[in-house]
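Engineer: Quick note, the sequences are listed as chains A and B, same order.
Counting in my numbering, the first sequence runs from 1264 upward without gaps.
Counting in my numbering, the second sequence runs from 1264 upward without gaps.
Don't take every hint at face value.
Since the list can't tell identical chains apart, any single copy or any two copies may satisfy a pair.
Pairs of lysine to aspartate or glutamate residues, derived as EDC-like cross-links and limited to a Cα-Cα distance of at most 16 Å, are as follows [claimed, not checked]:
#, residue 1, residue 2
1, Lys1321, Asp1394
2, Lys1428, Asp1279
3, Lys1301, Asp1394
4, Lys1270, Asp1478
5, Lys1544, Glu1528
6, Lys1401, Asp1588
7, Lys1577, Glu1268
8, Lys1402, Glu1528
9, Lys1270, Asp1298
10, Lys1287, Glu1344
11, Lys1577, Glu1352
12, Lys1401, Glu1528
13, Lys1544, Asp1595
14, Lys1329, Glu1528
15, Lys1301, Glu1325
16, Lys1544, Asp1526
17, Lys1401, Asp1526
18, Lys1329, Glu1573
19, Lys1402, Asp1526
20, Lys1402, Glu1566
21, Lys1265, Asp1474
22, Lys1321, Glu1566
Rather than coming from a laboratory, the hints here were simulated on the basis of the structure.
Number of protein chains: 2
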Amino acid sequence: MKTIELKSPYLIFVGDTVESSYVKTGFGLVEWRRDLCKGQLSLSGSGVDVGLPTMTLKQAAESGVKSMIIGTAAVGGSIPESWLDTLVEAASRGIDIVAGVHTRLMDIPRLREAAEQSGSRLIDVRVPPTDLPVGTGKKRTGKRVLMVGTDCAVGKKYTALALEKDMKAAGMNADFRASGQTGIMIAGKGIPIDAVVSDFVSGAAEVLSPDNDPDHWDVIEGQGGIFHPGYSSVSMGLLVGSQPDAFIVCLEAGRTHILGWNDFELPPIAQVIDRTVEIGKQTNPAIRCVGISVNTSSLNGAERQSYLDELSAKLGLPCVDPLKDGTQKIIDRLNKEFN
Amino acid sequence: MKTIELKSPYLIFVGDTVESSYVKTGFGLVEWRRDLCKGQLSLSGSGVDVGLPTMTLKQAAESGVKSMIIGTAAVGGSIPESWLDTLVEAASRGIDIVAGVHTRLMDIPRLREAAEQSGSRLIDVRVPPTDLPVGTGKKRTGKRVLMVGTDCAVGKKYTALALEKDMKAAGMNADFRASGQTGIMIAGKGIPIDAVVSDFVSGAAEVLSPDNDPDHWDVIEGQGGIFHPGYSSVSMGLLVGSQPDAFIVCLEAGRTHILGWNDFELPPIAQVIDRTVEIGKQTNPAIRCVGISVNTSSLNGAERQSYLDELSAKLGLPCVDPLKDGTQKIIDRLNKEFN
C-alpha cells in the first residue's frame, strides 16, 4: 500500500477551539464527505459546531467509528496538553487518530502506548509513504484532469472536490485524488506530495493516479504553482507524474502578486497555460486546458459575471467560480474534448 | 550551518575492493582535491590503489587526518561487516567517518558509541541538513553558472570541477558547489539536492550558492535533466533556486535516449537551452547559455573534432570535451558576456 488510507466512519475532533476559521478541515469533511462522518467531539462542550451530532468517545466506539480526525488547528500547529487525555482514550478504544499537525503523533509516548495496546493506528497525513518509486513516465490507462494554480491558496482543492461531486452527479466515473494534507483527510487517502523527497515526486504522483478504467477520471488536487519561486518544483513533479489529459487553471480574481512573495508578479493566465502544456507534453503529448476556475469572492455580482465572461472570451475556455456557478461548463468541455 | 561540511585532511578508505570502477569517489578525490588527501587505507593491503601513501589508522591520526572518507562502494550499497572494525577504530581515534552509502552510519550501534565517546562525527552525505528554508527567489550578489544535463550521467560534475580548476588557474574567483553525494565528498561541503523534501528544493539551492563578492562565480553541479520523466522536478528546483546568470549544457555524444528510460528520446539540445532559459527567467531574467560540454569518449579523433565544430556552428556556442580540450573556450565566453 503506497498511499495513506483512512478508515471510516469518522468522529471529528474540534478540540477546545472557539474560532471557526481554525476548523477548516472539520468543516471541509462535513461539506464534502458528510456520509462518512458520524459525529463531533469538542472538549469544552461549547466549541465550534461543525453541524454533526455530539458524541462521547464511548458512543463513538459503540456506533462503529473507526477514526477520530483532528479537524482543527491549534495555535503553533502542535498538539496541546489539554487534548491528550481524549486522544489517548480514543486510541485505547481502538479508534485510529488522524492528524496533520507538526507534532508527530508517534512521538507522544502515552499516545503511542495506547495505540500499540489496542492496535489502533496513529496517522500523520503530513508524512508520505516510505516506499515511493522514481517516476517511470509510462502511460497509464484511464483519464486524468489536474488542477493547476497561478499560485498557492487559489482554490485548487475546492475546485477538484466540486468537479468530482458534479461529475459523479452527472453519472461519470470519477475520483478526487488528494495531494495535500487537508485533501487527504477529506478523501480518506492520498499522498502529501510537497513532503516527498524530490527524487520521488513524480513517482509519487504516478502512484496517486494509477491505471484505471478507460472512462474513469482522476480529478487531481494541484499543489503550488509552476511559476512559484518556492514551490515550482513540487508543481512540476506533480504535473509530470500525473500525465494529465486535461488541466484546469485555478486563480483568485484581483490577486496581483504571489502570496507572501511580494516581489513576484503573478504570471498571466495564458502563460500558465502555455508552460503547463509545454512541461506536461513530456509525459502526455495530448495535454490541454479545459477551463478556468476563479475564486471571485472579491467581486460584486455585476463585476463577477463580466469578469468571467471577458476571461472566457479572451481565452476561449469555460470560466466559472465553482462555489457559485458549479463546474458544469467545464464538464461539458471535458465531455466534448474526450468523447 | 545549513550545508554539510567535512574537515580535511582526509584518509581515503578503499575497503577490500579490487575493482577500480567501484572506487570512483576515491579516484575523484585524488584527481580534484589531491592537496587535501593524506593517505589511503585498504583492508586487504592489496586492494585498489588510488595513488596515495598507504597509512594505518595510527599513522593517519598522528599525521593530523580529520576525516576518513569511504571512497568505495560495496555490492548492495551498504557497509559490509568486514569494514566495521576499521570504521570503529577510526571513530575511536576521533576521526570523522564520511559515507554516501544506503546504511545510515548512526544506525550502527558500535560505530555510534565509538563516535559519541571520542566526539568524532558520522557524516552521511546522502542526508540533507534539516533546517532548510523555502525558496525566496530574492536576488543574491555574486555570479552563478549552473551545469544543466540533457540527462543523468553526462558529465555535469566533471564539467563543473574542470571549470572551477581552469577558472582558478586563470586567476578568477570561483568555487565548485556540490549538489550530489560524490560532489560533496570532493568539495568537502554541499547539499544532496535530490534527497531534499520537494517543498525545500529551491530553498536548498539558494543556501548552496549564497551571497558573494560581485566578481565571484559559483560553479554549480547540476542534477537530473529538465526533460527527465523521473527527476525533472529536482532539476527545476535547482535551476529556480540557483538563479544562474549562465549555464552550460552537458551531454554525451551518441546517446539517443534517456538512460534507463528507453521509451524517452533525449530532447534536442536547443530545446534544453530554450526550456532552461524559460524556467530560469523566473528568478534571473538575464540567464543565458554560455557553452556545451560533451563527453566524446564514444568518438574517435577525427569524428570528435568535427562533432564539436558542427555543434558549435549550429548553436553559436563554444563546445568542448573538458576531459580533452579543457574549458578555456567556455571561460572566454563567460568573460566576454559578463565583463
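Engineer: Of the numbered hints stated earlier in the document, which are not met by this structure?
Structural biologist: Numbers 1, 2, 3, 4, 6, 7, 10, 11, 13, 14, 18, 20 and 22 - these are the hints that the structure violates, sorted from lowest upward.
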